[in-house]
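*Asks:* Chain residues, written in single-letter form:
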Amino acid sequence: MGILILLSLYRGVFGPTVFDRIMGVGFVGSKTLVILVLMGFIYERIDMFVDIALAYSILLFASTLVVAKYFQTRGAT
Amino acid sequence: MSFVAIFIMLVGTFFFATGVVGLLRFPDFYARMHATGKGDTLGAVLVLTGLAVYNLLGGFSSGNILVSLKLMFIAVFWFVATPTAIHALLRAAFDAGIMPWTKDGKPVIEWPPRKGRTK
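Chains as they are written, first to last, in this note's numbering: chain A, 266 to 342; chain B, 499 to 617.
If you're looking for bench data, these hints aren't it; they were derived computationally from the structure. Accuracy of the hints is not assured; some may be wrong.
Said to hold, decoys possible - Sample of chain B residues at the chain A side, in silico, Cβ under 8 Å:
(1) F527
(2) A542
(3) G561
(4) L569
(5) F575
Bear in mind the structure is a predicted one, so any value in this text is a computation, not a measurement. Glycine included, every Cβ here is placed at the ideal spot set by N, Cα and C.
Bound-form chain A, shown alone (with noise of 0.2 Å):
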């Protein structure tokens, strides 16, 4: 999992457009939030790790929604 992070923080590193590292930050953070869970389970405090899991992905949903409006109106550079 901490493989595939990498390689697709290649893609929103160096993506041509400002859109694939909109993707690539998305996509780094959907596995972070995969690998948040499974530290909950690892260190056996799940019924906290799961709120902050929760909390999370509501935040990465929302800032996804927010910057792709933004570079709508202001258009790709």
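Knowing the structure of chain A, use the given hints to seat chain B on it.
*Replies:* Structure of chain B alone, referenced to chain A:
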């Protein structure tokens, strides 16, 4: 019983891996979005469902059931939210004037498209 959860999680990891391969190998933004949106959505949903099943193996106490319900809620929310976000991003890219990739480099439709649509 735990092999069911592990199998679901392995299938989810496979979808994540195919999404990353599509993200790295496809020629333009729209094709990458196509691969990533589906692989990302289904991978996260399957891994979270597998973890919810795995969590229930420790017994059916009320705390375990609550945690599994929260995990399933994250999965359902993710299943709705990720295609919405991807679609908004795709629409934004189309409006910002990024041309879809074609084999000979010529656009299939009139490009740039007319600005007659309502936003």
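*Asks:* Given B:A542 as an interface hint, is its Cβ closer than 8 Å to any Cβ of chain A?
*Replies:* holds (5 Å)
*Asks:* Taking 8 Å as the limit, does the beta-carbon of B:F527 come near enough to a beta-carbon in chain A?
*Replies:* Status holds, d = 6 Å.
*Asks:* Is the interface hint for B:L569 satisfied, with its Cβ closer than 8 Å to some Cβ of chain A?
*Replies:* holds (6 Å)
*Asks:* For the restraint on B:F575, tell me whether the closest CB of chain A is nearer than 8 Å.
*Replies:* holds (6 Å)
*Asks:* Can we keep the B:G561 interface hint, with Cβ of chain A closer than 8 Å?
*Replies:* Status holds, d = 6 Å.
Against the hints set out earlier in the document, no violation occurs for any number.
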